[in-house]
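J.: In the order they appear, the protein sequences are chains P and A.
Those letters in the first sequence? Residues 0 to 185, per numbering that gives the first Met the number 0, in order.
Those letters in the second sequence? Residues 0 to 343, per numbering that gives the first Met the number 0, in order.
For the record, the hints were derived by calculation from the structure and aren't laboratory data.
In this text, a Cβ means the ideal position worked out from N, Cα and C, and glycines have one as well.
Do not take every clue at face value.
[Said to hold, decoys possible] Covered stretches of chain A (in silico footprint by chain P; criterion: 3 or more residues with CB under 8 Å from a CB of chain P, positions within the stretch not fixed):
{"no.": "1", "segment": "139–145"}
{"no.": "2", "segment": "267–275"}
[Claimed, not checked] Among the chain A residues that face chain P by a calculated CB cut under 10 Å, a handful are:
{"no.": "3", "residue": "L181"}
{"no.": "4", "residue": "A183"}
{"no.": "5", "residue": "L296"}
{"no.": "6", "residue": "G331"}
[As the list claims (entries may be wrong)] To give an idea of the interface, some chain A residues facing chain P are shown, with a C-beta separation under 10 Å as derived from the structure:
{"no.": "7", "residue": "R23"}
{"no.": "8", "residue": "M41"}
{"no.": "9", "residue": "L43"}
{"no.": "10", "residue": "P112"}
{"no.": "11", "residue": "P295"}
{"no.": "12", "residue": "D299"}
{"no.": "13", "residue": "L325"}
{"no.": "14", "residue": "E326"}
{"no.": "15", "residue": "W328"}
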Amino acid sequence: MVARPSSPSMAAVVPDDGVLIAQAIAGDDRAFSSLYKRHARYLAGVVYRLAGNDSELEDVLQEAFCDAAASLSSLRDPAGLRAWLVRIAVRRLHARFRGRRRWRWLLGATERLAPTISDPRARQRVDQLYEVLDTIPLDLRTPWILHVIEGQTLPEVADACGISLATVKRRIADAEARIRRGLHAA
Amino acid sequence: MLPDDIAQLRKDLEPPWNDLREQRVLGRIQEARRAGRRRRAMRLAAAASSVVVAVAACMALLLARGGSRGGSGHLVATSSVPRQDGGQRIALADGSQALLVRDAQIRVSEQTPERVHIAQGTGEVRYDVRPDPAREFVVTAPGVMVRVRGTIFAVAVTADRVEVRVERGRVEVDDGTRMRELAAGESLGIPSRGARVGDEARPEAPAEAPTPAAAVAPPAGRPTFERMLAEADQARAEGRQDDAARALTSALAAFPRDARVPGALFSLGKVERARQRFEASAMAFDRCWRSAPNGPLAQDALAEGAGSWARAGRSDAAKADAARYLERWPDGIESVRMQALSVR
């Protein structure tokens, strides 16, 4: 299956994920690179927002794509590639950070915030949100970010986190409650 | 919590991601996958029977014979002969020679049938390069890159200056800001940027034959490839294309055998294009795909190179690259654009 742009002058013939996946499974490194280029930026955004800093972004991405390359043949639905990559990245991220007693979720992020908001009151509110998010456990924060920030549906979050739908709902609700309490107390 | 807060959070948390980082991670992924394949291959090899060992020995013997003819793509031999005047003559396996005046220092960091790279740190060296259109011969001195196909030229490095003199043929001299071509009888003096580049080009040892397993790890205190790429990354992000080009050129000169060289060359091609130096851009892309013809960037580099050659007004070179592309990837992503370039 090939997607063809309507304008002949654009002239690019872009294979879809299904074609590239089949080629990559057959050993075509070039096809795998195309898949990587298509999804790396999106995945970098997700990982960055989940990790809250840039320090290990490249490492997590590398591990996630290496895992994906090794088990690409197990992917049943090519249309679900992006969600599948997110699931792998979430697993990798949790494996890295779960054992750590403390890491600053907003490390690096706060350094970059000042220029993006001119209204000091709005800035203060968002800063409080960062502070609160930093206190929420990873297991609660991940579903909340995937759902609220990334806009994933609840079933997608459940799939990405490898937990049941009921658990996702419970964790997101728990995170919401903690955020509200934190913002109220601030 | 207001939707505005969420929107702001989403906006704040855009990752500092760009092409260079994307390529860097891709290079690491490919390297990790290659390492995995090597490990699997080693496990298989360990389990093989004595019959397989005997066959492998035969194949190794055949390969060794092939290598001695210089056609295998691996490193070839270099010999060093002292001269009566106290200098030294380095004879490369392709027939080229480097005549070192006393105290001159060079390091042959790459020597394959496709490419020879010599890093010259100090002193004067006269290079007699045997003509070979299929082989690129590059000499890097502090802040300067000299590229030839077949000619005789000399490079003299002093504390504050690099001088290139051409005796026969033509050479291209690139100082990171612009590229110039010198013909026989011409010379060019360039202020040395030793503080930035000289350290990288400084040889780690007096001239000697390279070994296939030559280490690329820098001595303590020298900038790492990673740091130089990060500098280029930062410069690009801030729109300082000249600084980005300089950092990338320095990184490539200092670590010509690093596994990330193709990625750096690809970035250099893009940076040079942003600087409107289309010919330099095309050459960087060409070096990129030649350095890893089966690598993940080869297809894109060939297509980008063809585009840059076209913008440089070199339709012959653009057609050649486009033809190469279509030959290898007739149904590739850029095949239609390459077909258009190939008939211009």
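J.: Would you mind marking each hint as holding or not holding in the structure?
T.: Hints, one by one, checked against the model:
no., hint, in the structure
1, 139–145, "violated (count 0)"
2, 267–275, "violated (count 0)"
3, L181, "violated, 38 Å"
4, A183, "violated, 42 Å"
5, L296, "holds, 8 Å"
6, G331, "holds, 8 Å"
7, R23, "holds, 7 Å"
8, M41, "violated, 17 Å"
9, L43, "violated, 16 Å"
10, P112, "violated, 24 Å"
11, P295, "holds, 4 Å"
12, D299, "holds, 8 Å"
13, L325, "violated, 13 Å"
14, E326, "violated, 15 Å"
15, W328, "holds, 8 Å"
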